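Protein chains: 6
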Amino acid sequence: MLRITRAAEFCSSLRYWDPALSAAANQRRFGRCASQHGHNYRLEVTLRGVPDPATGMVMDLKDLKEILEREVVARFDHRDLNGDTPYFAKQVPTPENLAQVIRDLLIQALPAGMLDRVRLYQDEDLWVDVLEEAL
Amino acid sequence: MLRITRAAEFCSSLRYWDPALSAAANQRRFGRCASQHGHNYRLEVTLRGVPDPATGMVMDLKDLKEILEREVVARFDHRDLNGDTPYFAKQVPTPENLAQVIRDLLIQALPAGMLDRVRLYQDEDLWVDVLEEAL
Amino acid sequence: MLRITRAAEFCSSLRYWDPALSAAANQRRFGRCASQHGHNYRLEVTLRGVPDPATGMVMDLKDLKEILEREVVARFDHRDLNGDTPYFAKQVPTPENLAQVIRDLLIQALPAGMLDRVRLYQDEDLWVDVLEEAL
Amino acid sequence: MLRITRAAEFCSSLRYWDPALSAAANQRRFGRCASQHGHNYRLEVTLRGVPDPATGMVMDLKDLKEILEREVVARFDHRDLNGDTPYFAKQVPTPENLAQVIRDLLIQALPAGMLDRVRLYQDEDLWVDVLEEAL
Amino acid sequence: MLRITRAAEFCSSLRYWDPALSAAANQRRFGRCASQHGHNYRLEVTLRGVPDPATGMVMDLKDLKEILEREVVARFDHRDLNGDTPYFAKQVPTPENLAQVIRDLLIQALPAGMLDRVRLYQDEDLWVDVLEEAL
Amino acid sequence: MLRITRAAEFCSSLRYWDPALSAAANQRRFGRCASQHGHNYRLEVTLRGVPDPATGMVMDLKDLKEILEREVVARFDHRDLNGDTPYFAKQVPTPENLAQVIRDLLIQALPAGMLDRVRLYQDEDLWVDVLEEAL
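Sequence lines, in order, name chains A, B, C, D, E and F.
Here my numbering is used: position 12 in the first sequence is 12, and no number is missing along the way.
Here my numbering is used: position 97 in the second sequence is 97, and no number is missing along the way.
Here my numbering is used: position 56 in the third sequence is 56, and no number is missing along the way.
Here my numbering is used: position 57 in the fourth sequence is 57, and no number is missing along the way.
Here my numbering is used: position 31 in the fifth sequence is 31, and no number is missing along the way.
Here my numbering is used: position 55 in the sixth sequence is 55, and no number is missing along the way.
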C-alpha cells in the first residue's frame, strides 16, 4: 500500500461574501477579502492503493489527469467562484470550503476508497488539507 | 554600479475585455481569458546604482518596500483590475499592459534613473520584463 | 474536520554549542555547525478544526498571523538563537530542538486542541515535524 | 518523538518496459513512457525518533547523508534504471516501484524502526509516498 | 518594446558521448556524464516586441504554446537525445549544445526578430542562456 | 557565444555594523539588521564563452564547482561574515557589498573575460547582480 500524488492548477476570481449580509457587514466580517480578487490555485490530489504488478501503477496517470481536468479544471479555471459556479451560493469561497467542494467532486469520480487527501494551495504560504474521511 | 531586486506579491481578478467589442467578439478574440478569473501576481523590481559607502546600500530597502506597498500593492491587491482600477478602461489587462502600468507608476515614485527593470509574473511559467527605457 | 497551514519566515544566527564542553570538544562533536552561522528558517504551522459555517474558516487568518508574529517572528527573527533568546542555554539549537521550542510556544497561544503540526525548515533540503502530541 | 527529513537528488534514464511483452504491446500499455527518457528525481527521507539530549539530534545528519549517498545516489544517479541496475528486470520502473525499492534499501541501512517515510518526486507535479510499514 | 517569457518542460535521456572516441576515452573525458542518465529539462523562451494595442499582446500565447509544443516538446520529450534525435550525431548533448539546437529551431519557427533569448535548465542549479544573436 | 550559470549555497551569520559608530548609532542607521542574524545565501555565477567543439562545454563544470567551493563556500559557509572573514572590517555586509567581494574573488580565480555576472540572493525576495564590468 502506498500513496501517489498529482498536482493541477487553476486560476479563479472570487470574493468572500455572504449574500444574507449587507455590503458593510461583509466588509466588516471579511476585510479586504470581501473585495473581488483572484488566485492561482494549486491542487494536489493523493490516491492510496497497491500498484498493479503488471503495470507498476496504482492508477494510470492519464486517467487521473482526465478526471482532474473534467472535475476540477473545467469547473473552476478561468471562472469566478461566486458567479460562475453553483457551489458558493450559500457558503463563502474560503480555501477550507473550496477544498471540501473539490474533495466531494473527486470522491464521486474516483474508484471507492482510493482518494486519500486533497490539498489546496491558495498561495505558497497558505493551504488546506481535506481527507477522504473526516479526521 | 550594480543592480538590486526586491519582490512583492498581489492577488487580483480580471478579464481580457475590450468594451468597444460585443461579448461574442471578446470571447472570440480572447478565448477563456475573456471570462472573469484571477492570479497571484509576483512583481520583481530591479534598481541600479552605486552603494553608499556609509551604508553599503543602493537604497534603503525599507523605503523601497514602502514605495512598492503604496504604488503597487495598495492599488492592485485584492482588487479587480478592470472594475476597481482606472488603468484598463481602454486597454486589456494582459501582463504586458499591467507591467507597463506598474513601470510608469514606479518611475514617478523612484529617484530619477534608478529603476532598471520591472518583471511581472502572471504565474511561474509566464512573465513580462519592462525596462525603464524601451529596449 | 480539516487542516489549514500557514507559513512564516525568520532569519537567525546560531551555533551548535554545549556550554558544558570545551571549544575543542564542541568542535569535535558538531563539526562546522559549532561555528557561528545562520539560516533563513521557514515555519509551517498546521491547525485542525471544523470551519465555522458563517465564515467558512477554521480560524481567522489575521489572528493566526498575529500569533505567529508575536510568538515566533518577534522572538527569533534577526536574533542570535544562543545569545539573544533564553531557550538554548542548556540545549543545542538544532532544528529538532528549535521546532519543539516553537511547538511549546504555539500550544500555549492557540485555542486548545487546535495545533496539529509544526514544521520547521532549516533549508529546502532539511526540516523537522513536531506534532501537538508526541507521535 | 518527532520527524526529520532530508532530501537528495539523482538523475536517471529509464523506460516503462515489460520484457515479457512485444515492443508493440509495451507501446500500447505504456504510451510515450515506453520510450527511453529521463528524470531529475528528488528523494525525501523521513526519520522518526527522540532527539538525544546531548546533541539535540535524532541522528547525526552527516551519517544520514552518507547512507543516502551510498544506498541511493551511488546506485541510481547517472544510471539507466532498466539496464544499469538489477531492480527492474521483472518490474517496470514507475515511481511507485522505484520508491519501494529505495524504501527496502533504506530499511536495511538505517537503525530499526527509524525510517518513517520515503517520498520520491518524479517531477514537481508527481510523487509517491511509501511508509516503513504498509499503510 | 518589452519582453515576454513562457516556460515549457520535457524529460529526456542522454549521455555525453563522442562516437569518434573509445568507451574508455569517453569515460575519461566526461566522467559520470558518459553513463546513460536523464533530466527534467525546463525551457524558458523570451520574445521581444511591442504589444498590439487591440489585444495588449506581443504574440498570442496560444500560438507560442503550439510552437513550443511542435518544435521542442514533440522532438525531445520522452526521447533519448543521442539515439532518437538527429542533433547529436556529431556533438555531445551538453546543455550548451542542446540550447543552441533549440535556439536554431525556434528562430525558424518564430516571426523574424522576435526571439530574444533561450534559457535551458538542466536542473535548478545549472542552466544556459543563448541569445538570438551571438553576444 | 553563450552564457552558463551554476548555483551554490552557503549559510552565514552577520550584522550590519559600522565599527566607527556607537551601538545606538548603528541601531538607528540599520534597525533590526544591526542585530546578529543569518541567511541561507544562494549564489548564481554566470560565465560567458564559446563551447569547445570537442566537449560541448564553455568550461568543465567540475572545475567551476571546485572554484566556487574554494573561493566562496570555504570562505563564507558556516562563518560569521563580520568576525570570521577579513572583508567587512571597513564596510557593512549588505548583499550589495558581499556580492562585490565575491565578484572580486571570482574574477581572480576564473580565466580572464569569462565571468559575466554574479547574482547573490539573501532570500527569495531580495538579490543583487554584479557584472564583471561596472554597468
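Honestly, the hints are just simulated from the structure, not real lab data.
Worth double-checking, as some hints may not be accurate.
List time: in silico DSSO-like cross-link candidates among lysine-lysine, alpha-carbon distance up to 30 Å [claimed, not checked]:
no.	chain 1	residue 1	chain 2	residue 2
1	E	K65	A	K65
2	D	K90	A	K62
3	B	K65	C	K62
Note that this is a predicted model, so its numbers are computed, not measured.
Checked hints:
1. E:K65 <-> A:K65: The given pair, whose Cα atoms are some 20 Å apart, holds under the 30 Å limit.
2. D:K90 <-> A:K62: holds, 23 Å
3. B:K65 <-> C:K62: Answer holds: B:K65 to C:K62 is near 21 Å, not above 30 Å.
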